[in-house]
Structure formats: structure tokens, C-alpha cells
Amino acid sequence: MSFNLRQAILANVSGSSEQEVEATISDALQNGEEKMLPGLGVLFEVYWRQASEDDKEQVIQQISEGLQQ
Numbered sequence: 001m002s003f004n005l006r007q008a009i010l011a012n013v014s015g016s017s018e019q020e021v022e023a024t025i026s027d028a029l030q031n032g033e034e035k036m037l038p039g040l041g042v043l044f045e046v047y048w049r050q051a052s053e054d055d056k057e058q059v060i061q062q063i064s065e066g067l068q069q
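Start counting the sequence shown at 1; every next residue gets the next number (the numbering used here).
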């Protein structure tokens with residue numbers, strides 16, 4: 001039996017409102033549980049696939065700066 005974690009996460013958050021997405025992200029960050037990392041990765045993938053090149057560049061810059069701190 002094969003389990004596709006990415007598809008399961010997408011099915012779980014599909015149709016979420018902006019407020020629900022924000023709550024999901026905030027909860028994952030506040031709890032700091034490693035089991036939430038795959039879900040955040042999938043949400044980032046959704047963002048990345050739809051982001052403009054300028055948005056991607058800005059995110060890369062922000063992440064790089066955050067890693068320097």
C-alpha cells in the first residue's frame with residue numbers, strides 16, 4: 001500500500017480560507033512540532049508554483065537574511 005503524504009496534506013487543506021491557512025501556519029510555528037514540517041513544505045510548494053519571479057526572489061532574499069541571524 002502506498003501513501004502519498006503530499007496528496008493527503010493537500011486534501012486536508014483544500015478549500016481553506018485565508019484565515020484557516022494563516023491559523024494552520026501559525027499553529028505549526030507556535031507548536032514547533034516536527035510532524036508539522038511536511039505540511040508547511042507542501043504549503044510552501046503551493047505558494048512557489050504560483051509566485052511570480054519577483055516574489056520568489058523576495059522570498060529567497062528574506063530566507064537568506066533570516067538564516068544569517
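One should not assume that every hint holds.
In silico lysine to aspartate or glutamate, EDC-like type, Cα no more than 20 Å apart, as pairs [to be verified]:
#, residue 1, residue 2
1, Lys-35, Glu-45
2, Lys-35, Glu-57
3, Lys-56, Glu-45
4, Lys-35, Glu-53
Derived by calculation from the structure, the hints in this document are not laboratory data.
Results of checking the hints against the structure:
1. Lys-35 to Glu-45: OK: Lys-35 and Glu-45 at ~17 Å, within 20 Å.
2. Lys-35 to Glu-57: 28 Å, violated
3. Lys-56 to Glu-45: 11 Å, holds
4. Lys-35 to Glu-53: 30 Å, violated
Consistency with the previously given hints fails for numbers 2, 4, ordered from lowest to highest.
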